[in-house]
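**Student:** Chains A and B are the protein sequences, given in the same order. Just so you know, full-length UniProt numbering puts 246 at position 246 of the first sequence, and the rest follows in order with no gaps. Just so you know, full-length UniProt numbering puts 236 at position 236 of the second sequence, and the rest follows in order with no gaps.
Incorrect hints may have been included.
Footprint (simulated), chain A over chain B, 3 or more residues, beta carbon under 8 angstroms [to be verified]:
# : segment
1 : 89 to 98
2 : 103 to 111
3 : 175 to 181
4 : 233 to 241
5 : 289 to 297
Think of the hints as simulated: they come from the structure by calculation, not from any bench. Cβ atoms here follow ideal geometry from the backbone N, Cα and C, with glycine treated the same way.
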Amino acid sequence: MSVREIADDPKAYWSGLTRAEQGVSGFIIGFVVLLVGGLFTGILAPTYFLFLVGLAGMYSLLSLGLNVQWGYTGLINFSVAAFFGIGAYGTALASASSSPIAGNLAPVVGLLVALALAAILALLIGIPTLRLRADYLAIASIGLAEVVRIIILNEEQVTNGSSGVRGIPAFFDGWPLLETFPQTMPNIAVSWLPGGTVVLRQPFWSALLNVVVVVSFIAASYFVLRRAHRSPWGRVLRTIRSDEDLARALGKNTYRYKMQAFVLGSLIMALAGVFYAHLNLFVAPGDLDPITTFYVWVAVMLGGSGSNRGALFGGFVIVAIREGTRFLNAFEFIPFDIAPLRLLLIGVIIVLLMRFRPQGVLPPQRELIWPSVVDDAPEQPDSGVRGAKAGENDD
Amino acid sequence: MVLDLLASGLVYSSIIVLGSIGLSLVYSIANFANFAHGDTMTVGAYAALVTFGAVGSLGGTVLGLPYGFFVALVVGIGMAALVAVVTEKVVYEAMDVGSIGLLITSIGIAFVYRAVIQMGFGADFTRYDISALRPIDALLPYGIRVTLHDVAIVASATVLVVGLHVLLQYTDLGRKMRAMADNPDLARVSGIRTDRVKLATWVIGAGLAGAGGVFLGLFSRLAPRMGFDLLLIIFAAVILGGIGSVYGAMLGGVLIGMVTQLTPILSELGTILPLVPDSWGIPIGIEYANAIAFVIMVAVLLVRPSGIAGEAV
Numbered sequence: 001m002s003v004r005e006i007a008d009d010p011k012a013y014w015s016g017l018t019r020a021e022q023g024v025s026g027f028i029i030g031f032v033v034l035l036v037g038g039l040f041t042g043i044l045a046p047t048y049f050l051f052l053v054g055l056a057g058m059y060s061l062l063s064l065g066l067n068v069q070w071g072y073t074g075l076i077n078f079s080v081a082a083f084f085g086i087g088a089y090g091t092a093l094a095s096a097s098s099s100p101i102a103g104n105l106a107p108v109v110g111l112l113v114a115l116a117l118a119a120i121l122a123l124l125i126g127i128p129t130l131r132l133r134a135d136y137l138a139i140a141s142i143g144l145a146e147v148v149r150i151i152i153l154n155e156e157q158v159t160n161g162s163s164g165v166r167g168i169p170a171f172f173d174g175w176p177l178l179e180t181f182p183q184t185m186p187n188i189a190v191s192w193l194p195g196g197t198v199v200l201r202q203p204f205w206s207a208l209l210n211v212v213v214v215v216s217f218i219a220a221s222y223f224v225l226r227r228a229h230r231s232p233w234g235r236v237l238r239t240i241r242s243d244e245d246l247a248r249a250l251g252k253n254t255y256r257y258k259m260q261a262f263v264l265g266s267l268i269m270a271l272a273g274v275f276y277a278h279l280n281l282f283v284a285p286g287d288l289d290p291i292t293t294f295y296v297w298v299a300v301m302l303g304g305s306g307s308n309r310g311a312l313f314g315g316f317v318i319v320a321i322r323e324g325t326r327f328l329n330a331f332e333f334i335p336f337d338i339a340p341l342r343l344l345l346i347g348v349i350i351v352l353l354m355r356f357r358p359q360g361v362l363p364p365q366r367e368l369i370w371p372s373v374v375d376d377a378p379e380q381p382d383s384g385v386r387g388a389k390a391g392e393n394d395d
Numbered sequence: 001m002v003l004d005l006l007a008s009g010l011v012y013s014s015i016i017v018l019g020s021i022g023l024s025l026v027y028s029i030a031n032f033a034n035f036a037h038g039d040t041m042t043v044g045a046y047a048a049l050v051t052f053g054a055v056g057s058l059g060g061t062v063l064g065l066p067y068g069f070f071v072a073l074v075v076g077i078g079m080a081a082l083v084a085v086v087t088e089k090v091v092y093e094a095m096d097v098g099s100i101g102l103l104i105t106s107i108g109i110a111f112v113y114r115a116v117i118q119m120g121f122g123a124d125f126t127r128y129d130i131s132a133l134r135p136i137d138a139l140l141p142y143g144i145r146v147t148l149h150d151v152a153i154v155a156s157a158t159v160l161v162v163g164l165h166v167l168l169q170y171t172d173l174g175r176k177m178r179a180m181a182d183n184p185d186l187a188r189v190s191g192i193r194t195d196r197v198k199l200a201t202w203v204i205g206a207g208l209a210g211a212g213g214v215f216l217g218l219f220s221r222l223a224p225r226m227g228f229d230l231l232l233i234i235f236a237a238v239i240l241g242g243i244g245s246v247y248g249a250m251l252g253g254v255l256i257g258m259v260t261q262l263t264p265i266l267s268e269l270g271t272i273l274p275l276v277p278d279s280w281g282i283p284i285g286i287e288y289a290n291a292i293a294f295v296i297m298v299a300v301l302l303v304r305p306s307g308i309a310g311e312a313v
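Okay, chain A solo, but in the shape it has when bound (with noise of 0.2 angstroms):
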C-alpha cells in the first residue's frame, strides 16, 4: 500500500491492521509525540536526542543483522557481540590516530577492512559451528565469541589491550563537503520553544550526521534483507529454520545455506560496529562484553524472529530501556541502585516473551508474501481482510 492510499483512507488502513501492528503503531506513536514534547519543553537536548536515535540505529542494524541468523535460518548465535566488536575495531585500528598497527586511513578503508575482518571471522567460527546440533551452536557461538574478547584484550601489540583505541575520527573525514560540514554550519538559535531558547551548535550538526550515516546503513541492509527474504534463497533458509531435514531431502546444501546466511548476518552486525566507532570515537574491549549480544537477541524476539520490521521495532525498544533507566536516577525514593534495574529488566522481558508470546510482537506475516498478491486478491466484506488473506487468523 503505498503513502498516498494510506492519506487517502487512513481509516481503512488503520482497520487493515492486525491487533498487535496496531498496538504498536500505538507506542510508536506515544513514543514519538513523548520525545518530541521533551524537545519542545527542553528537557531532551536535541544533540543528545539524536545521539539516541543513532544508538537505536545501531541496535536496530545488529538485530537485522542477527535476525538473517536466528530469524531465517534458526542458528542460534550467541556471539553478536564478538561481530560487533569486530566491526568497531577494524574501521578504528585502520583509521584512529592511536591505532597502533595502520593508523589514520580513510575511514570508508576502515569499513572496509572491519567488512572483510567480520567476514573471516564469520567463516572462522562458522565453519566449526555450524554443523552442530542447536544447542550446541548456542553454547559453542558464545564460547568463541569469549575468545575473541580475550584475545582483543590481551593482544595489546595489535589493539592497545584494556585501554581501548582512541583518536577515532568521524565517519565522513576526508570526504569533501560533508567533513567540514559541521563547522561551516551557522549556529542556529531557535528561540520559539516554550523550554527556552536552543542554539543548535556544531555538536548537532554532527550528531545529525551520524544519524545520517546509520539511517543509509540501516535503509541498504533493509532492503538488502527484505528482498534476499522474500526470494528463493530466503525461502530455502526458512525451510531450514522449520525442518532441516526436509531442505535436505529437497537437494539443498543446509551447510552451504547456513554459511551464506551467517556471513550476511555478520556483516551487518559488523556495520553497526563500524558506526559505533565513529559515533562514540573510542573503543575499548568491554564492548564485546557479552550483555551486548543478549540485548540484541532481545530486541529481535522481542520484534518478531524472522521480521525485518520486528527487529527496527526491537532495536529502539531497547534503547529505550537501555536510557530510559538512566532517568530513574533522577527520583531519589528509590532505595537501591538503578543499574542492575536494567538487567531485570531485559531479564524479565526474556521470560514474559518466551512464556507469553514467543513469536513475539510482530511475528512475519505478509512481509513474506509478494504485496501484489495480497493487494490484487478481490475483496472481502469483514474487516481485517488482508491479515485473513495472510493466513494469521489465531487458528
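Got chain A sorted already, so can you dock chain B onto it with the hints?
**Tutor:** Showing chain B alone in chain A's frame:
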C-alpha cells in the same frame, strides 16, 4: 611449581565439578542447556554470605573454617535448591517452547537472579568474614602452597560427590533418575512419577551448584557476576565429559579445572619435560586459560560431540 599448580588445579576442579554435575543432571532430565546454572551458584554464595553474617562463627573451627560457615554452606545449598525449584514451578513447568525456547528463557532467568543479587548487595566484590590462612607449613618444602581452606573445599566437594554417587547407584530415587535420563517416556509408562523425579533433579543439581558457589566465594571472592563468568567453563567441562553423563561431568570438571590452572606451565614446558631444550615452550600466557578451555570445548563438539563418557549419539 608443577605440584603447586596441580594442587590449586585440584581445588578449582572441585568447584567446577560441583557446578558441572548439576548442569549435566538438569540437561539430561529437564532436557535443556540451563544458562541460569552459573547464577544459581551465585545465589548459593550470597545466601551463605548473609547466613554467615547472621550466625557468626559459633565457637570452634574445622579445617580453619568456623562452625558457622558450615551452617552457611547448608543454607546456601538449600537456598539455591529452593530458588531453582520455585523457578521450575513458576516458569519452566508451564512452558511449551521446546529445548531451545527453554535455553533462551534460562538466560532471562539468569539475568533476573543476577539483577536481584546486585540490587541487594551492589556490584562490588566482597568476601566472607573469615581471615585468610597461611599455606600449610608441612607442604611448603615441596613447593605446594595450599591453605586449610583449600583442603576443606576439596574434602567437602568429595563428600558431596560421593554422596551423589551413592544416591544415584543405591537408592530408589537414583534408579528413577537414571531411568528417566535414559528414556523419559519409558520411565513414565513404567510407573515412575517423572515430575517428582524432575523436581528432585532440580533440588540436587541446584544444591550442588549452591555448594560450588559457596566454595568459589571462599576460593576467590564474591561478586554478582561470579557465576555467570564461570558458566562457560562449566559448560566446557560438561561437554568434554559428555552432556547428560554425571560421571562424565565429574571427569570433565577435573580435566577443565586442571587445564585452566596448569596454563602457566605451557610457556615453560622445556624446563619440565626431558629431552627438549629448556627454552622451549608454547607461548600462551595465563590470561588465555579460559580461552583454551573454550577452544577445547568447541574441538570436542566437533570431533566427539558425545564427550569422553557420553554414549554415541
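**Student:** Which hint numbers does the structure go against, in order from smallest to largest?
**Tutor:** Checked against the structure, the only hint that fails is number 3, while the rest are satisfied.
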